[in-house]
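Student: Residues per chain, in single letters:
There are 2 protein chains.
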Amino acid sequence: MEPIAYVNGSFVPHSEAKVSVFDRGFLFADGIYEVAAVLDGKLVDNASHLARLERSVGEIQLKLPETLARIEEIQKELVKRNNIESGLVYLEVTRGADTGRDFPFPKADVKSTLVMFTSSKEIIDAPSAKAGVNVITVPDLRWTRRDIKSVALLAQVLAKQAAAAAGCSEAWMIEDGKVTEGGSSSCFIVTRDDVIVTRKNGNEILPGCTRKAVVKLAEERQLRIEERAFTVEEALSAKEAFITSASVFVQGVVAIDGKKVGDGKVGPMTARLREIYVEFAKATAV
Amino acid sequence: MEPIAYVNGSFVPHSEAKVSVFDRGFLFADGIYEVAAVLDGKLVDNASHLARLERSVGEIQLKLPETLARIEEIQKELVKRNNIESGLVYLEVTRGADTGRDFPFPKADVKSTLVMFTSSKEIIDAPSAKAGVNVITVPDLRWTRRDIKSVALLAQVLAKQAAAAAGCSEAWMIEDGKVTEGGSSSCFIVTRDDVIVTRKNGNEILPGCTRKAVVKLAEERQLRIEERAFTVEEALSAKEAFITSASVFVQGVVAIDGKKVGDGKVGPMTARLREIYVEFAKATAV
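Sequence order for the protein chains is A and B. In terms of our numbering, the numbers along the first sequence are unbroken and rise by one, the last being 541. In terms of our numbering, the numbers along the second sequence are unbroken and rise by one, the last being 541.
A hint or two may mislead.
Treat identical chains as interchangeable: a pair holds within one or across any two.
Stated by the list, open to error - With a straight-line cut-off of 27 angstroms between C-alpha atoms, the simulated DSS-like cross-links for lysine-lysine are:
1. Lys-366 - Lys-385
2. Lys-331 - Lys-433
3. Lys-494 - Lys-362
4. Lys-366 - Lys-376
5. Lys-471 - Lys-366
6. Lys-297 - Lys-467
No wet-lab data here; the hints were simulated from the structure. Since this is a predicted model, take the numbers as computed values, not measurements.
Could you put the whole structure together from the sequences, leaning on the hints where they help?
Tutor: Take a look at the structure:
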């Protein structure tokens, strides 16, 4: 059976899931998105994703077409309809479709667009969870408001395509000699002194939901965390490196630009944090 | 009668002009656009727009789904079907719709999306052509590849919305104390010595088609042109300021952030360049 998507109030097969060519998401990247993981048919850390959604739309003065509670209901309904046990729910809100194309916000009677779809994906037992991933580095070309989770993702597309072309699954973006974040993940290293280092939130990076949860879980376990920028050289001489995101949870980085990190294997701290996060995800999924 | 749009090979009424929610234009702003003016039912400076389209798609390795010659045929067909005498033709090419959402480029069998639509607009006798326009200044938040005419336009949306909220029709974007360009236009000043100044092309700005034509036409008339960055202070103490774009041609800027430029009226050089451009546009439209 064809999977079902949600488009502005209707549940429709993927092949019929369409938006107007006048949709401001299509014309202007005037929209916000979120991706939440699904485990055991339940939404992982979804309150955090919805809180970030609310913040992002607020930053660009975009009105949600539904309440957060209703959005979560639709997410759940879609997961159920598509029978997703392990996977992702994508949601996008845009400033709607006016009758023409004009940069400033449309009149208040143009309703925001809400689109959602799901995909099945093995997250817990993904092969890359055990083997780790290789990453490349690329210059960070993005705009200055990376804290807003907008669909203006062309720089990330180019970064992740460069990674794919090099046989890697992620690109670490570099600005002023420091790592900002991955194309679709937050970056961490574990120093020789077992300090977990990740960049501080600000306009320079997206405040990762999984990043936030991992930092909190680590702190609760009295692990040492430092929020600061780091260089690629520092990452290469670190004990471990890893990335976090809603779709990979915690994933070891075993090489950067073809150079081994640590012993070139997923390290014990990364493995432990992954385990802790999976436990949290399962225990709190809704 | 409802206007007609072009979507991937079909001419359809605007209300039926739709793309998949999996279209990479909608999900990732992974697309390029162009806007050409129409005068007397003909395309203005279209070869220049198509050349820029070809360059932009090349920069992001996006394959055009049709030849430039065929694209121009479709533009003309659409202008005819919608009976546009004076107005605009918008065209957007995206990296197509895959079956799911994944950052790297899809497989080669995913065909690029091509969408076009038109709008009627008085360009020659627009009231703002005589009266000039007021602009505000905003920080330039954009990414570092502004020479690519991508649909990742959220920063421009926010800039032009700020302008609209202030009762202005354009926002000049400022970086490192200098004007880069307008939200959807190129910026010029005319100094006390009658030198026409506009920023040099580079990654910092879009190479404007109308900008290019105006510079060439001015040079042919032995007017003095200097391509360099300028500050807002310089613009405020200049004789004249103006903007150029496919949709406004040449338009006087009479105030910046509420402060008068020159005597607060459209200046003689601006009026002359507008006249020269209109003459060129009419003479060369196809």
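Student: How do Lys-297 and Lys-467 come out at 27 angstroms by Cα distance, when the copy is not named: within, between, both, or neither?
Tutor: Within one copy only: 20 angstroms inside a chain, 56 angstroms across chains, cut-off 27 angstroms.
Student: From the Cα coordinates, with 27 angstroms as the cut-off, is the pair Lys-366 and Lys-385 best called within, between, both, or neither?
Tutor: neither (45 angstroms within a copy, 35 angstroms between copies)
Student: For the identical chains here, do Lys-494 and Lys-362 meet the 27 angstroms Cα criterion within one copy, between copies, both, or neither?
Tutor: neither (54 angstroms within a copy, 37 angstroms between copies)
Student: Is the C-alpha distance from Lys-366 to Lys-376 at most 27 angstroms within one copy, between copies, in both cases, or in neither?
Tutor: between (32 angstroms within a copy, 25 angstroms between copies)
Student: When no copy is specified for Lys-331 and Lys-433, does a C-alpha distance of 27 angstroms or less occur within a copy, between copies, both, or neither?
Tutor: Neither: 39 angstroms inside a chain and 49 angstroms across chains, both beyond 27 angstroms.
Student: Measure nothing new, just compare the shortest in-copy and cross-copy C-alpha distances for Lys-471 and Lys-366 to 27 angstroms and report within, between, both or neither.
Tutor: Result: close neither inside a copy nor across copies, 37 angstroms intra and 44 angstroms inter.
Violation of the numbered hints given earlier is confined to hints 1, 2, 3, 5; the remaining hints are satisfied by the structure.
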